[in-house]
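Asker: Residue numbers (the working numbering), protein chains in the order written: chain A, 13 to 299; chain B, 4 to 262.
Just so you know, these hints were derived from the structure itself, not from any lab. As the structure is a prediction and not an experimental result, all values here were calculated from the model. Treat the hints loosely; a few may be bogus.
Restraint-style ranges between C-beta atoms, simulated for each label pair [to be verified]:
(1) A/293 to B/109: 33 to 43 Å
(2) A/193 to B/46: 41 to 51 Å
(3) A/104 to B/18: 50 to 60 Å
(4) A/140 to B/75: 22 to 32 Å
(5) A/196 to B/46: 23 to 33 Å
(6) B/20 to A/132: 45 to 55 Å
(7) B/237 to A/193: 33 to 43 Å
(8) A/193 to B/65: 43 to 53 Å
(9) B/143 to A/24: 31 to 41 Å
(10) A/20 to B/109: 36 to 46 Å
Covered stretches of chain A, as calculated for chain B (at least 3 residues, CB under 8 Å) [what the hints assert, rightly or not]:
(11) 129 to 140
(12) 208 to 221
(13) 289 to 297
Non-contacting residues of chain B with respect to chain A, defined by C-beta distances greater than 10 Å in every case (computed) [to be verified]:
(14) 13
(15) 36
(16) 61
(17) 106
(18) 111
(19) 219
(20) 233
Just so it is clear, CB atoms sit at the ideal spot from N, CA and C, and this is done for glycine as well.
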Amino acid sequence: MNAVLPVLVVLLAIIAVWYVAAWFLNLNWAEQQLAREGIEPTFSALFHNTMTQERPVLPAPHQVAAGLYEGLFGQKITSKRSLVWHGWITLSATLAGFVMGTLAGILLAVGIVHNRAMDQSVMPWAVASQTVPILAIAPMVIVVLASIGVTGLLPKAVISAWLSFFPVLVGTVKGLRTPDQMQLDQMRSWNASPSQVFWRLRLPSSMPYLFASLKVAIAASLVGAIVGELPAGASAGLGARLLSGSYYGQTVQIWAALFTAAALAGVLVLIVGWIERMTLRRMGLAR
Amino acid sequence: MNEPVIVADGIDLTFQTADGPVHALKGVDLTINQGDFVSFIGPSGCGKTTLLRTIAALETPTGGALSVNGMTPDEARRARAYGYVFQAPGLYPWRTIAQNIALPLEIMGFAKADRMERVERVLELVDLAGFGAKYPWQLSGGMQQRASIARALSFDADILLMDEPFGALDEIVRDRLNEALLELWARTAKTIGFVTHSIPEAVFLSTKIVVMSPRPGRITDVIESTLPRTRPLEIRDTPEFLAIAHRVREGLRAGHAYD
Chain A
13 MNAVLPVLVV
23 LLAIIAVWYV
33 AAWFLNLNWA
43 EQQLAREGIE
53 PTFSALFHNT
63 MTQERPVLPA
73 PHQVAAGLYE
83 GLFGQKITSK
93 RSLVWHGWIT
103 LSATLAGFVM
113 GTLAGILLAV
123 GIVHNRAMDQ
133 SVMPWAVASQ
143 TVPILAIAPM
153 VIVVLASIGV
163 TGLLPKAVIS
173 AWLSFFPVLV
183 GTVKGLRTPD
193 QMQLDQMRSW
203 NASPSQVFWR
213 LRLPSSMPYL
223 FASLKVAIAA
233 SLVGAIVGEL
243 PAGASAGLGA
253 RLLSGSYYGQ
263 TVQIWAALFT
273 AAALAGVLVL
283 IVGWIERMTL
293 RRMGLAR
Chain B
4 MNEPVIVADG
14 IDLTFQTADG
24 PVHALKGVDL
34 TINQGDFVSF
44 IGPSGCGKTT
54 LLRTIAALET
64 PTGGALSVNG
74 MTPDEARRAR
84 AYGYVFQAPG
94 LYPWRTIAQN
104 IALPLEIMGF
114 AKADRMERVE
124 RVLELVDLAG
134 FGAKYPWQLS
144 GGMQQRASIA
154 RALSFDADIL
164 LMDEPFGALD
174 EIVRDRLNEA
184 LLELWARTAK
194 TIGFVTHSIP
204 EAVFLSTKIV
214 VMSPRPGRIT
224 DVIESTLPRT
234 RPLEIRDTPE
244 FLAIAHRVRE
254 GLRAGHAYD
């Protein structure tokens, strides 16, 4: 309960700063509008205008909240104006990409730990893949896959996996290498096979590292899915919502989509964290 | 009873390091007989752990001949000739004590019923009966090390190799475990190789004390103990015990004479 007060203070401070910023950023347009309509630019008239513009430079918090509420609850969830519908489109690509990225990351890590040649050849490419801006890669992935007839969820999932495999790879390699020389000698003294060492020692030892990287990966997956929705002029998904908002100057719509994405990421990370706690507690690795 | 089980004939072991070769072992001759309790004692860097690891085929000698149960050390390892107890218990936190002890049995392919029966038997042997369902963190350090000894005993190897198993424990616990170890040795008639840097521990436990010295790692003295096999803790105050301890100390000092 001690945390409630500081959290509230920070939250209120952010909202206050936001309101002040909205006032200053929207003031110019408000003055022009009042002049056009021949209204006396009093403080209250200006203030009212900056807080209620239809296409503000920076929408005020209550406008975003209203847009968010309207998008989430004011529509049928099958409507193309519903953030629930768009969110689901993005979420499905995120989860597909997360599963693909996690599997790829774990498989590559297993190879790297067991094979010296893979250790030296795969890692540089994995690092290189992450240094190329994803915004440059995404359109190419979409175009290439579309040319062989793959459209819809899969291209977005591929971009999402592109971002999420890397943290899983790095974390799992680190985790699989945590058993110390004594534990490996112990296994050797029992004449254990490499697969027995893997399943009984390396894999369980890597769990804390794997989960830490899964939290990073699920958030990266969401970013990848949204980025994957930007290029091809997709009509569905949070990324498409962001894009159409920016075409038509619908800043409230952009901010509402952004907040939906942020909330979605938060919930996903919480779910992974919950699975982590359950698993590690069962394994006796967290108390 | 007095069949030789471990025979070392002029073993050398040289590690190639960035600073040039390090002679970990040089010209080590040693015979360990069935049922012996052999302690290896010496200052750090004298190769006592390396010698034990060589017997366990965790290191390979660069020269000389070494046989364990009449086989090469590596064949002996594959034949599961020995149980090895490391300095730390090395129990897996995600397994209960019973599951930890069953780990080598699983790896070696023992049937489930057999595993459970063996786990119960060795738990009783190290005085941990009833603790099988506990997790390692619920046990004290001494109990954890006893569990690791139980694990090394579970598959009935004739040889037990122990690398400073009680080094991290306080003296009171150590005395208790030394007594328990002698009792266990008497009951199981195993051949034990035991690395330590404590003179009283070596003298109290052993039928044979191997004194080693560093740079290059070699044997400076082998003392056949004259103490009876059954030893109460009080034996440490007898003149006989003190005489052996004195000879060990002399041997250690001689190894350092050139420093």
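Asker: If a hint holds in the structure, say so; if it doesn't, say that too.
Answerer: Hint check results:
In this structure, residue 293 of chain A and residue 109 of chain B break the distance hint of 33 to 43 Å, their C-beta atoms being roughly 24 Å apart. For residue 193 of chain A paired with residue 46 of chain B, a C-beta distance near 22 Å fails the hint of 41 to 51 Å. For residue 104 of chain A paired with residue 18 of chain B, a C-beta distance near 57 Å keeps the hint of 50 to 60 Å intact. In this structure the supplied range 22 to 32 Å is violated for residue 140 of chain A paired with residue 75 of chain B, their Cβ-Cβ distance being about 47 Å.
Take residue 196 of chain A and residue 46 of chain B: their Cβ atoms lie about 27 Å apart, and the range 23 to 33 Å holds. Range check, residue 20 of chain B to residue 132 of chain A: about 23 Å between beta-carbon atoms, so the 45 to 55 Å window is missed. Range check, residue 237 of chain B to residue 193 of chain A: Cβ separation about 40 Å, and the 33 to 43 Å hint holds. The given range of 43 to 53 Å is broken by residue 193 of chain A and residue 65 of chain B, whose C-beta atoms sit roughly 20 Å from each other.
For the pair residue 143 of chain B and residue 24 of chain A, the beta carbons lie near 51 Å from each other, so the given range of 31 to 41 Å is not met. Against the hinted window of 36 to 46 Å, the Cβ-Cβ separation of residue 20 of chain A and residue 109 of chain B comes to about 54 Å, which falls outside the hint. Proximity of the region 129 to 140 of chain A to chain B, defined as three or more residues with a beta carbon under 8 Å from a beta carbon of that chain, is not established by the 0 residues found. Closer than 8 Å: that is the beta-carbon criterion, and the region 208 to 221 of chain A has 4 residues meeting it against chain B, so the requirement of 3 holds.
Here the region 289 to 297 of chain A counts 3 residues with a CB under 8 Å from a CB of chain B, which clears the bar of 3, and the coverage holds. Even its closest Cβ contact with chain A, about 25 Å, leaves residue 13 of chain B beyond 10 Å, as expected for a residue assigned away from the interface. Residue placement check: residue 36 of chain B keeps its beta carbon more than 10 Å from all beta carbons of chain A (closest about 22 Å). Once the 10 Å rule is applied to beta carbons, residue 61 of chain B is inconsistent with being away from chain A; the minimum gap is 5 Å.
Distance check for residue 106 of chain B against chain A: the nearest CB is about 7 Å away, which does not clear 10 Å, and the non-interface claim fails. With a cut of 10 Å on Cβ distances, residue 111 of chain B falls inside the contact zone with chain A, its closest approach being about 7 Å. Distance check on residue 219 of chain B: its Cβ is at least 23 Å (rounded) from any Cβ of chain A, clearing the 10 Å threshold; non-interface status holds. Residue placement check: residue 233 of chain B keeps its beta carbon more than 10 Å from all beta carbons of chain A (closest about 30 Å).
Going through the hint list in order, the structure does not satisfy hints 1, 2, 4, 6, 8, 9, 10, 11, 16, 17, 18.
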